[in-house]
Amino acid sequence: TARERGSLLSPDEEAQARSTGTKQAESEGQAAAASERKQAARRVAAVRDELLRDREAAAALLARRWSRKLDDARALAESEQRGRRARLTALRRQLDAAEALQRSAAAALEEARRGHISDL
Numbered sequence: 001t002a003r004e005r006g007s008l009l010s011p012d013e014e015a016q017a018r019s020t021g022t023k024q025a026e027s028e029g030q031a032a033a034a035s036e037r038k039q040a041a042r043r044v045a046a047v048r049d050e051l052l053r054d055r056e057a058a059a060a061l062l063a064r065r066w067s068r069k070l071d072d073a074r075a076l077a078e079s080e081q082r083g084r085r086a087r088l089t090a091l092r093r094q095l096d097a098a099e100a101l102q103r104s105a106a107a108a109l110e111e112a113r114r115g116h117i118s119d120l
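Counted from 1, the sequence shown has number 65 at position 65 by UniProt numbering; the numbering is strictly sequential.
No wet-lab data here; the hints were simulated from the structure. Be aware that one or more of the hints could be misleading.
[Said to hold, decoys possible] The calculated label-pair distances, taken between Cβ atoms and stated as ranges, are:
1) G115 to S79: 45 to 55 Å
2) R55 to A33: 28 to 38 Å
3) E80 to R114: 43 to 53 Å
4) L62 to Q39: 33 to 43 Å
5) R103 to S79: 35 to 45 Å
6) A63 to R103: 53 to 63 Å
7) E80 to A40: 57 to 67 Å
8) L88 to R68: 29 to 39 Å
9) A60 to Q81: 27 to 37 Å
Just so it is clear, CB atoms sit at the ideal spot from N, CA and C, and this is done for glycine as well.
Hey, can you work out the whole structure from these sequences and the hints?
In structure tokens:
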């Protein structure tokens with residue numbers, strides 16, 4: 001018993017001291033577990049924040065790449081359109097020249113007819 005071991009506490013007091021020590025150890029264990037959970041939550045939050053930053057950076061990189069591709073496609077379309085306009089302008093000039101030549105030929109033919117008729 002407690003008296004045999006030389007304890008100054010009664011058996012009830014010794015049981016209460018053990019219970020208090022156990023409760024204190026449990027409380028300290030719970031506090032340590034809570035601290036570990038908080039640290040783990042902080043680490044999880046830090047990793048999540050890093051992943052979000054990485055995802056945002058990747059999205060921004062993709063947006064820049066697609067923006068450049070879109071700009072390139074737009075520039076190519078505008079260049080092709082300028083080329084089509086230039087070809088259309090050249091064709092219009094050729095048509096105008098052909099029409100002028102046709103008018104000139106018709107006038108020369110009319111002149112030749114009049115000249116031929118007057119010769120008779």
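Hints, one by one, checked against the model:
no.	hint	in the structure
1	G115 to S79: 45 to 55 Å	holds (53 Å)
2	R55 to A33: 28 to 38 Å	holds (32 Å)
3	E80 to R114: 43 to 53 Å	holds (51 Å)
4	L62 to Q39: 33 to 43 Å	holds (35 Å)
5	R103 to S79: 35 to 45 Å	holds (36 Å)
6	A63 to R103: 53 to 63 Å	holds (59 Å)
7	E80 to A40: 57 to 67 Å	holds (59 Å)
8	L88 to R68: 29 to 39 Å	holds (30 Å)
9	A60 to Q81: 27 to 37 Å	holds (31 Å)
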